[in-house]
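Visitor: As a plain string of letters, each chain reads:
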Amino acid sequence: MAPASQREAAVADAVPDRAEQGLLARLETQWQVEQLLTRQAEILDQRRWSDWLSLFTSDGHYWMPADPAQTSGEGVPSIFYEDRWLMRTRVKRLEHPRAWSQTPRNRTSHVVGNVVVESDDPATGIVVARSKFHVVEFRLDAQRYFAGSYRHTLVRTPDGFRIRLQRVDIVNYDGPFDYVLQFWI
Amino acid sequence: MLHAPKDGAGWDPRDLVEPDRAHRACYADQEVFDLEIERIFHRSWIYAGHESQVPNPGDFTTFQIGHQPMIMTRAADGRIHVLYNRCPHRGAMLTNEHMGHAGSTLICSYHSWQFKLDGRVHAIPTPDGYAGTRLTTDNPDCSMKPAARVEGYRGFWFASLAADGPDLETWLSGAKAAFDDMCDRAPEGEVEVVPTCFRVIQKSNWKIFLENQLDALHPSITHGAAGKAAAEVEQEFKAETGDDAPLQYHYLSAFTTPIYKWDGLQTRGFPHGHCILEGYMGLRPKDPDTLEYEAVMERAYGKARTEEILGTNIHHVLVYPCLSVQAPLQQLRAVRPLGPDRTLTEIWHFRLKGAPEPIYRRSLHYFNLVNSPSTMINADDLNNFWRCQQGLESEGGDWVSFHRNAGQDPVENGVTTSVTGLSEMPMRHMFTAWTDYMGEG
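Protein sequences, first through last, are from chains A and B. Number 93 in this note's numbering belongs to position 93 of the first sequence; there are no gaps in the numbering. Number 118 in this note's numbering belongs to position 118 of the second sequence; there are no gaps in the numbering.
Looking at chain A on its own, in the form it has when it is part of the complex (with noise of 0.2 Å):
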């Protein structure tokens, strides 16, 4: 057996000091970031709307810019600027059996990477990330694709993540759109 000075110096080694603490808060934050990021393209390409939901606060906006120097999704013309009623009414018609345009449904599978956890406020609990997105559709014989940016605006809970705010920057924004997108990217 060692000494017990040696056995408290290797107890002291195992008590992670204030740096390591720091990683440690930082390694687990982004961890639950991209788990939310994960979670959240499956619930798109599985099409489960009420997790879709409920993945935001309830004074969450989905936004897609029209223009990528705009600052808010207020009064400017956006692709997509979508509260939870908004949100709930683009659900609605999707699973009407009569949106004629989801006969065939079209498919998506997303991809997110490039995580950074841009901010983390421990007095507010609200956690600002960037991530990039690419994402397959297909629908009618056709395959389209789509990448670009998400800044997610994140508010701690019991329960884990919410979105307050998702901004999408989709690098074809003032492009001409070949038809058009049925729900979010």
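Everything labelled a hint here was simulated from the structure, so no lab data went into it. From a predicted model like this one, the values you see are computed outputs, not experimental measurements. Built from N, CA and C at the ideal position, the CB exists for glycine as well. Each hint should be verified, as a subset may be incorrect.
[Stated by the list, open to error] Across the chosen pairs, the derived CB separations fall in these ranges:
no., chain 1, residue 1, chain 2, residue 2, range
1, A, D67, B, N96, 37 to 47 Å
2, A, S72, B, T133, 36 to 46 Å
3, A, L24, B, L338, 26 to 36 Å
[Unchecked claim] Listed next, the stretches of chain A that the computed footprint assigns to chain B, with coverage defined by at least 3 CB atoms under 8 Å from CB atoms of chain B:
no., stretch
4, 40-46
5, 55-68
6, 174-181
Use these hints to put chain B onto chain A, whose structure you have.
Guide: Chain B in isolation, oriented as in the chain A frame:
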């Protein structure tokens, strides 16, 4: 399949259009399409843009007339010009941007020929090389070619590639209502463009879109799902918050209006194929924002004139063949045919100068909800258009039916009216204009 000969010689469009039906070749035949470009789009007035897209000298915006790439500019003297977007030297396009500011000259990226914003050549590098040749700077071949005619009406500018034809106002006739109704709703009598253009491609013939704009039969069917979804959310909003849902839900829930009620709407047809569909949304609520706006309008116009302006009840005005205008919501869609089965729509909205911000928000919400690339409405329209195009390219039948209320289109003083909102008069009316244009060799 009936084919039009390449030069159109000896070809009679009446072989394809009867009073109550049109042959599928009108929609699906490449040669018919090529002839449409030549005889309709390269001859009639085509929408270029709103003057506020080029507010300052040096500003430009680009668009297509038929197959021609065009550029609308504001010259140093403040005048608006429409030019072919082509350098007279080797033919390079002078800009490939949609909108921009060129400064005092447009400069060719190839050999640096420079042009004033009115299209006149300004400078050619090392001009000595042209000494003794027949290319002199006073030769029109040395400058950008202008559109044959350019005219504006209430800030909306059109160009025609044909030197002859009626002036813009005569040609617009009753379709002037599109611009009068939009501008009159502004306390200052003018509108200003919001410089975001949504562009959406339809995989279908351009005429299918125009026909659909005046088709009061389709909304409750095509848009039933979106209408019902919005109507349900309106009720849930009221139940959960105690407040009425915002007006924008009504833009969608109005589509639940049953077919028989659309019967009461009127459509009107004017010379050259222009048409009007009466309004159905009842966009004149009595909320504080509307009352404030109406008070501003009364200060500008007086009570009687304000009532006349706000009482105007139009949903769509079609300026055939190039434009669909929704004046009460300050939107327009320009139609740019790309091929028999491919059409680009350029969608714009406007601010009413002098109107309070909440009134702009109504226009904005309609733009975002109905006209943006995430539209829940046009998703089902474009799907129908594509299905029609597929069917019209098939040999399952040669004719498209416009028999509903055929033979019952009263004409008075050059204006055709429908006997019911569900009449297919507008489609017959547009094809009358189509036959006139196409028959002029």
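Visitor: Check whether three or more residues of the stretch 174-181 of chain A sit with their beta carbon closer than 8 Å to a beta carbon of chain B.
Guide: holds (count 8)
Visitor: Given a hint of 26 to 36 Å, does the C-beta separation of L24(A) and L338(B) actually sit inside it?
Guide: violated, 57 Å
Visitor: Between D67(A) and N96(B), does the beta-carbon spacing fit 37 to 47 Å?
Guide: violated, 19 Å
Visitor: Go ahead and decide if the range 36 to 46 Å is satisfied by the Cβ distance of S72(A) to T133(B).
Guide: violated, 58 Å
Visitor: For the stretch 55-68 of chain A, count the residues whose Cβ lies under 8 Å from any Cβ of chain B; is that count three or more?
Guide: holds (count 3)
Visitor: Taking 8 Å as the C-beta cutoff, is the stated coverage of the stretch 40-46 of chain A by chain B satisfied by three or more residues?
Guide: Per the Cβ count (0), the hint is violated.
Of the hints listed earlier, those the structure fails to meet are numbers 1, 2, 3, 4, in rising order.
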